[in-house]
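Position chains B, C and D with the ligands relative to chain A; hints supplied.
These protein sequence lines are chains A, B, C and D, in that order.
For the first sequence, my numbering gives the first residue as 1, with consecutive numbering after it.
For the second sequence, my numbering gives the first residue as 1, with consecutive numbering after it.
For the third sequence, my numbering gives the first residue as 1, with consecutive numbering after it.
For the fourth sequence, my numbering gives the first residue as 1, with consecutive numbering after it.
Be a bit skeptical, because a hint or two may be false.
To be verified - Here are some, though not all, of the chain B residues that point toward chain A, as calculated from beta-carbon distances under 7 Å:
#, residue
1, 27
2, 156
3, 196
4, 204
5, 221
6, 222
7, 225
8, 301
Said to hold, decoys possible - One side only, chain B facing chain A, incomplete, derived with CB under 7 Å:
#, residue
9, 62
10, 169
11, 194
12, 214
13, 218
The hints are simulated quantities; they were obtained by calculation from the structure and are not laboratory data.
Note that this is a predicted model, so its numbers are computed, not measured.
Just so you know, even glycine gets a beta-carbon here, dropped at the ideal spot from N, CA and C.
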Amino acid sequence: MDLSVRIGKGVLKNPVGVASGTFGYGQEFAQVMDLDKLGAIYTKAISMEPRRGNPTPRIVETPSGMLNSIGLANVGVEKFVTDKIPFLAGLDTATVVNVVGTTMDDYCNVIKRLDDIDTVWGYEINLSCPNVEAGGIQFGTDAAMIEEITTRMRGVTEKPLMVKLSPNVTDIAEMARGAERGGADAVTCINTLVGMVIDTARQQTVIARKTGGLSGPAIRPIGVRMTHEVSRAISIPVVGIGGITNTDDALQYLLAGAKAVQVGTWNFVEPAASQDIAAGIADYMARHGIARIDDFAALLDRRKDG
Amino acid sequence: MDLSVRIGKGVLKNPVGVASGTFGYGQEFAQVMDLDKLGAIYTKAISMEPRRGNPTPRIVETPSGMLNSIGLANVGVEKFVTDKIPFLAGLDTATVVNVVGTTMDDYCNVIKRLDDIDTVWGYEINLSCPNVEAGGIQFGTDAAMIEEITTRMRGVTEKPLMVKLSPNVTDIAEMARGAERGGADAVTCINTLVGMVIDTARQQTVIARKTGGLSGPAIRPIGVRMTHEVSRAISIPVVGIGGITNTDDALQYLLAGAKAVQVGTWNFVEPAASQDIAAGIADYMARHGIARIDDFAALLDRRKDG
Amino acid sequence: MQDQTVRVTANRAISPDFLEVEFEWRRDFGLPAPGQFFELRITETTAPLLRRPYAFSGYDPDRQVAAMVYQVRGQSTQMLARREPGQTVRVLGPLGNAFGLDGRPEKVVAVAGGVGLGPILFAARDIAAAGSAVRVVAGFRTRDLIPDRGLWHGLETAVCTDDGSEGFAGNVVDHLRSLPAADLDGARLLACGPMPMLAATHRFAQERGLVCEVSVEEMMACGLGVCVGCVVERADGEMVRVCTDGPIFDSGVLAWT
Amino acid sequence: MQDQTVRVTANRAISPDFLEVEFEWRRDFGLPAPGQFFELRITETTAPLLRRPYAFSGYDPDRQVAAMVYQVRGQSTQMLARREPGQTVRVLGPLGNAFGLDGRPEKVVAVAGGVGLGPILFAARDIAAAGSAVRVVAGFRTRDLIPDRGLWHGLETAVCTDDGSEGFAGNVVDHLRSLPAADLDGARLLACGPMPMLAATHRFAQERGLVCEVSVEEMMACGLGVCVGCVVERADGEMVRVCTDGPIFDSGVLAWT
Ligand SMILES: Cc1cc2nc3c(=O)[nH]c(=O)nc-3n(C[C@H](O)[C@H](O)[C@H](O)COP(=O)(O)OP(=O)(O)OC[C@H]3O[C@@H](n4cnc5c(N)ncnc54)[C@H](O)[C@@H]3O)c2cc1C
Ligand SMILES: Cc1cc2nc3c(=O)[nH]c(=O)nc-3n(C[C@H](O)[C@H](O)[C@H](O)COP(=O)(O)OP(=O)(O)OC[C@H]3O[C@@H](n4cnc5c(N)ncnc54)[C@H](O)[C@@H]3O)c2cc1C
Ligand SMILES: Cc1cc2nc3c(=O)[nH]c(=O)nc-3n(C[C@H](O)[C@H](O)[C@H](O)COP(=O)(O)O)c2cc1C
Ligand SMILES: Cc1cc2nc3c(=O)[nH]c(=O)nc-3n(C[C@H](O)[C@H](O)[C@H](O)COP(=O)(O)O)c2cc1C
Ligand code: FES
Ligand code: FES
Chain A
1 MDLSVRIGKG VLKNPVGVAS GTFGYGQEFA QVMDLDKLGA IYTKAISMEP RRGNPTPRIV
61 ETPSGMLNSI GLANVGVEKF VTDKIPFLAG LDTATVVNVV GTTMDDYCNV IKRLDDIDTV
121 WGYEINLSCP NVEAGGIQFG TDAAMIEEIT TRMRGVTEKP LMVKLSPNVT DIAEMARGAE
181 RGGADAVTCI NTLVGMVIDT ARQQTVIARK TGGLSGPAIR PIGVRMTHEV SRAISIPVVG
241 IGGITNTDDA LQYLLAGAKA VQVGTWNFVE PAASQDIAAG IADYMARHGI ARIDDFAALL
301 DRRKDG
Chain B
1 MDLSVRIGKG VLKNPVGVAS GTFGYGQEFA QVMDLDKLGA IYTKAISMEP RRGNPTPRIV
61 ETPSGMLNSI GLANVGVEKF VTDKIPFLAG LDTATVVNVV GTTMDDYCNV IKRLDDIDTV
121 WGYEINLSCP NVEAGGIQFG TDAAMIEEIT TRMRGVTEKP LMVKLSPNVT DIAEMARGAE
181 RGGADAVTCI NTLVGMVIDT ARQQTVIARK TGGLSGPAIR PIGVRMTHEV SRAISIPVVG
241 IGGITNTDDA LQYLLAGAKA VQVGTWNFVE PAASQDIAAG IADYMARHGI ARIDDFAALL
301 DRRKDG
Chain C
1 MQDQTVRVTA NRAISPDFLE VEFEWRRDFG LPAPGQFFEL RITETTAPLL RRPYAFSGYD
61 PDRQVAAMVY QVRGQSTQML ARREPGQTVR VLGPLGNAFG LDGRPEKVVA VAGGVGLGPI
121 LFAARDIAAA GSAVRVVAGF RTRDLIPDRG LWHGLETAVC TDDGSEGFAG NVVDHLRSLP
181 AADLDGARLL ACGPMPMLAA THRFAQERGL VCEVSVEEMM ACGLGVCVGC VVERADGEMV
241 RVCTDGPIFD SGVLAWT
Chain D
1 MQDQTVRVTA NRAISPDFLE VEFEWRRDFG LPAPGQFFEL RITETTAPLL RRPYAFSGYD
61 PDRQVAAMVY QVRGQSTQML ARREPGQTVR VLGPLGNAFG LDGRPEKVVA VAGGVGLGPI
121 LFAARDIAAA GSAVRVVAGF RTRDLIPDRG LWHGLETAVC TDDGSEGFAG NVVDHLRSLP
181 AADLDGARLL ACGPMPMLAA THRFAQERGL VCEVSVEEMM ACGLGVCVGC VVERADGEMV
241 RVCTDGPIFD SGVLAWT
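Pulled out of the complex, with its shape left as it was, chain A reads as follows (with noise of 0.2 Å):
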């Protein structure tokens, strides 16, 4: 049996990574499970310059699932290369950037500050931040635009790049086939929906930004149908993220279309939970005679009881 997965001109030694945001830059969790189980680590995301974020509050609760509006506060692209590489090069397991930017060059820069570095195995790219240069509309939302980003980082690295997609679109499929012709290797599917939660006794939005990306198991459901529709839209990988506690959930992505799947808002609740899921996954491959990941795309609905 083999849980490996290739993505472009790299391999994952396993599908189960956990989700950028969430899992900080590896160090916090090395004390409560085994991070050399996981097929990846996607960092918080990176940008050039470091960046404060957004004021507080910034998270909040809602029914199975939570708003953040972390406002991508991280340390800077520089400060990224000394302080949080070194632990993660230490791993057995790949690092995977997330980028970001307000401008095209903005990603391109940080692809091409990190490139020469061995251990930095590939870039998540997240589109959900407003384009300075295209009047504030989200890099997301836009097919051509997508492709158009897709193009010019690939222009700046050969390693695999993939784009994280946002389910804020009529048609996600649309925005997958963008990434694809722009020279992506894989889509993630999916980021945060946009939500509000307003404080009825204070008369105020609970989110200082008002509004915040809706994650965790509440979603889950758009996640795993998103990835059905995109899966069958393109040829190139699918990670599938979005509610994902357990093995079960993980494994309705793999049967949905993903060929890997990272684990986002539940590494908050039960820090530990993504290390046995790469397990439960070949447990499940086991029993049900599935060689490789790449089998999991035919079994669905084939209805041999029907």
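Below, chains B, C and D with the ligands without anything else, positioned relative to chain A:
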């Protein structure tokens, strides 16, 4: 204090209604609550011809939500008139008929059939159906199509006409503007989000038709955010819906900019919940010195404490 | 039909697979009849969100206590299993129709698979009390899963095990087939259990020309007839709701595919 | 730091407003220090989803039992209040730093508002045991909300009520102001309670030139330093995380707006 809400040429005695598809035609709930406490009953979707609906399973629970794929099963407009209207006509609450079709004519014909009936207060147009004349794309995901169908329906009725918006779009405010341009008296915000759940033991989607509409508390933050966005984009009233379970949830929608609300999925959980929400809103208005529903709009984020 | 917050009075394992919960059910909520169900909600959370339907397994009008036999399957039954006497649950019912669609039969064979045992024993006791002849046939996977026999005290009961480790070796329909024809002559069959068992019992009834009443399970959202989620198809092509048109159906009217 | 499923050993109301829960905490989980917190999860559901942070109110190394004083606010504390001895919860900790940022002070005035009482009493007992002078000042809205005085047994404690129905009439800072200056000379202030109380205590400390350690509350998602949700601003403009850089801060380093 005035709880009434004006929509087009009509007035609802209070802002609390029960959502289409979650309350049948009212009769079943008479045993557990006082229907006259409601501002409106939005009926199950009515089409020209009766519809059997989709195969089962039609329902699956999700974290703090559920998927449904009822397929707009309904008795058809004729049977609705003969079997359902008489009961609804006896109530001291507005009957809003939720209308569906697969062509624009379909929609208009349902309205024409009902328009002479005094006790039909108005219509709510459900656009999450494939338009067979436009190659099956959903009526609700294209602003021009929304404008056109609204214009056509406006031509056949002077009664209050509400257009129910789909949240499965990049820019819901644009859809709302289409409805406003077409002459709608209000928009309802939001219908369900498309989701999928996979039974990993059977390697099948749980819902027979694969995807279903996600509703319930899980989607409340999305509904509140879209209500906030839409109410700032148009000048006709917004009816807020999605995950409402109690007075506080309803107040979130009113503070976000809605003039009325609907309780949907929660009717399945606590069938009598809706009857107390109007009283809860009145109580809140009294405590905060809010004279009428229209005054909610200005309250949010005045930051009086900042 | 009433929606109430009631106290659990007992909640205990009766086999490695089954638990039985008892809870207050005042007479004025409506007297539960065998085959009817209620919708139970574990409060304080929206996950699980929906109520779950369960069939009554008995009602004691003196103590005003109802009972239900259940199996831990998912989140809701897990939380129910942790409820201790004195704690509360919300219950809505009685819902649906009851066994004895066509009046109380003279002679009954009541067939149970899995947790179908609850309503089947309720029906059998009720029918026996009314003076009709009744025989219970209950199927289990293996001997260790058979609950305390006190449960069917006073009822003529045949136990079947799939693996033959106790009682009749085989499933409940195999057992029916093994009975002398006269035992079944003119009997009404009642059946509650998993769909394949209901289908097999229905086919057996057709072969023998017997009337068979089945208790059907379908995913339910409302339990009140409004969501139209719980439909099954009738032989005439109509879609009917399990929650309000059933859950008990004459097996002859359903479309068995 | 450990993540464990532990048994509740006691859980009872100690005032109309407060409850105290005790639960197993093995020595090898790490010894909780006053000011540190843990993240508690009510299992079996995703609503509530996130763990909640609570400060330790005591630790008994012999019985290996930790305690926490809490107030029912929302879903999670409601569910916690229903947990009975023998039932389990999940706990992750000890997390964060502790009072005594700068070594153990000689003379301490420990100020509590609301459920801030838990960690303040823990700190006061600890400091008294180490031989330093300590005085507790605890504020309540009204006399009826004052918990059983046994809670601060052996500690010099001044009770304040906002409505003057018992003890000092006024809030905790009013009380500090009313003390003879000598009582506070060279004292370290420790404070735990709502933000406005912390701000007032900080201002008072500034006026008097005292060092003041505050326990800060902010919404937390992870409690582990990774989500960056719980930040507060320092006077130098840096954003720091309450969960890992705090929750105890020298009030002088924070930006009080
Ligand atoms: C009329 C009727 C009577 C029933 N009587 C009993 C009974 O007496 N004892 C008993 O143990 N069980 C009974 N059931 C089944 C019971 O409803 C499920 O066991 C229960 O819903 C499981 O809930 P859960 O959260 O523990 O499991 P879940 O994780 O929700 O589901 C586990 C499985 O239970 C079934 N199920 C879940 N939700 C529903 C639903 N809303 N409606 C129907 N099926 C569902 C599905 O097959 C699902 O795969 C009855 C069902 C019906 C329709
Ligand atoms: C370091 C620290 C120590 C604390 N110690 C205690 C203690 O000893 N005793 C005690 O009763 N409470 C303590 N709290 C507050 C405690 O976390 C909240 O009372 C608890 O989260 C309420 O949960 P709920 O689900 O009942 O209420 P909710 O409905 O979730 O929230 C009610 C209110 O509690 C606050 N709150 C909710 N979630 C969080 C969160 N994740 N982080 C911070 N605040 C939140 C918010 O102001 C919210 O409006 C502490 C908080 C922090 C940050
Ligand atoms: C607190 C928080 C911070 C996040 N930060 C980032 C980020 O920096 N970059 C990014 O691409 N996604 C970020 N995300 C989105 C997650 O990576 C993930 O796409 C989303 O949360 C859905 O997965 P989940 O439901 O498993 O959490 C963040 C999510 C959370 C909850
Ligand atoms: C079982 C079910 C059936 C529904 N049927 C309809 C319908 O016929 N027409 C319609 O416009 N919306 C229908 N809806 C959508 C609801 O009216 C509502 O927009 C949605 O459920 C979100 O609200 P909620 O979260 O309060 O349920 C249905 C929803 C459910 C759960
Ligand atoms: S469960 Fe809703 S109609 Fe039967
Ligand atoms: S709570 Fe996540 S960083 Fe502090």
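Requested in this report: List in ascending order the numbers of the hints, as given earlier, that are violated by the structure.
Outcome: Numbers 1 and 2 - these are the hints that the structure violates, sorted from lowest upward.
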